Structure formats: structure tokens, C-alpha cells
Amino acid sequence: MEKDTRTKLIEIATKLFATKGFFAVSVREVTSIAQVNVSAISYYFQSKEGLYQEVLKNQLKPVLEALDLVEKQIGLSAMERFRFFANQVAKVHLNYPYLTRFMMNEVTSPTEYGGAIVENQSSKVYRFIYQTIKAGVEDGEFKSDLDIPHTAFSLAGMIIFYFVTKPIRRKIMPNKENSVDAYLTNVLKNYLYGIASE
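Heads up: the sequence shown at position 84 corresponds to 84 in the UniProt record's numbering, and the numbers run straight through without jumps.
Hints are not guaranteed to be accurate.
[As the list claims (entries may be wrong)] With a Cα cut of at most 16 Å, we get these calculated EDC-like pairs of lysine to aspartate or glutamate:
id : residue 1 : residue 2
1  : Lys61     : Glu141
2  : Lys57     : Glu11
3  : Lys61     : Glu112
4  : Lys15     : Glu54
5  : Lys124    : Glu29
6  : Lys189    : Glu80
7  : Lys8      : Glu54
8  : Lys8      : Glu29
9  : Lys15     : Glu29
10 : Lys189    : Asp147
11 : Lys57     : Glu112
12 : Lys134    : Glu80
13 : Lys166    : Asp181
14 : Lys124    : Asp68
15 : Lys91     : Glu29
16 : Lys91     : Glu65
17 : Lys20     : Glu49
18 : Lys124    : Glu71
19 : Lys57     : Glu119
20 : Lys134    : Asp147
21 : Lys48     : Glu29
22 : Lys48     : Glu112
23 : Lys91     : Asp68
24 : Lys134    : Asp145
25 : Lys48     : Glu11
[Said to hold, decoys possible] Listed next, with one range per pair, are the computed distances between beta-carbon atoms:
id : residue 1 : residue 2 : range
26 : Thr108    : Asn186    : 23 to 29 Å
27 : Asp147    : Ser32     : 49 to 55 Å
28 : Asn37     : Gly157    : 39 to 45 Å
29 : Thr185    : Thr108    : 25 to 31 Å
30 : Tyr43     : Gly75     : 46 to 52 Å
Derived from the structure by calculation, the hints contain no laboratory data. Computed from a predicted model, the values in this text were never measured in an experiment. All C-beta atoms in this analysis are idealised placements derived from N, C-alpha and C, irrespective of residue type, glycine included.
Start from the sequences and build out the full structure, keeping to the hints where you can.
Written out as C-alpha cells, the structure is:
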């Protein structure tokens, strides 16, 4: 079944924005590849900026869905919540290979069109990690003297690092290309047990 014009434009724009950046992509380039009239951008998204925002929301939506899925799991310990979330994150990144690039671009060089969107979504992930660590401390699962904000940031950084360094990792670890599950398991095992209470 042929994709509808709106979906086609989002898919084409996703690859272009991710690889070239927002400012290097023109409306005409997107519509030319999609083989539709330039006016289609205005019709579906109002502007190039609107298209970019829709692309970002589309990329980030699965992460929020993963958070919602974790929240629906009842009776999990803090460590179990992290393992479950890491498993969901791995699936998201495999299905959305440009996600990390968009996030890094907006974190290091935020645009007025996408910076707020990424910041808002990232803060939700941080809050989840923070609240989970806090709950682990309160339940005696993690050390009572943890600096929770820094611990949350460092854990988030270790999870994201794997995806950010993909081009380098391919050269350094050519035989570990599809080892995302092993990496995340290792991170959680080494880091979380390092902060676990005695």
C-alpha cells in the first residue's frame, strides 16, 4: 500500500535533517525526493520548521511510550525498573537509528524550533531515572548517601553513550555491532550493583 504524502514527507525529512542538519535542508529538496508539490509542506506542516518539529516528536514519541510502559509495571524494584527500561530503550534505538543524532544536535547546537522539544522530552527521562534512584535509596536498595542528581545524570550518560559512539564503536569493536543488550546489561550490572547498599 502506497504511503500517504504526510508520512512520506516525514520519513524523507527525518533522514535529511539527521544527516545534514536543519539549516542545510531545503523544502524543495524534501518535496523533490518525495515527488510532491512544494505546497505540500505548507498544507501538512505549515512550514519547514513545522515539519522539523513533527520529525522530532515522531522520533521521541517511542521513548515516552517506553516510559509509560515502565510505569505500568507494578511491584518492580528500582533495579528491575532500570532493566526493563533499558530493554525498551534498546528496542527504540534499533528501530529509530537517527534518534541519538537528533538529540545530540539539539543538545550541542539547539535550534529555536527543536531545542525546547528535546529538552522537554529529555527532562522526562531524567525525572524517571531520578525518581527510580530516589525510590531505591528510600527502600534501602541503594546506598543512602548517594548524590541522586549526579547519579541519575551519569547513569543516563552511560546508556546514551553506546548509541552516540556508534561510528567509532564499529571500528574499535567490529565484532560487537549488535551487542546493545550485552552492553546495557553490563552497564546496569556494574553500575547499579556499585551503588547498591551493602
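Identify every previously stated hint that the structure contradicts and give their numbers, smallest first. 1, 3, 5, 10 and 15
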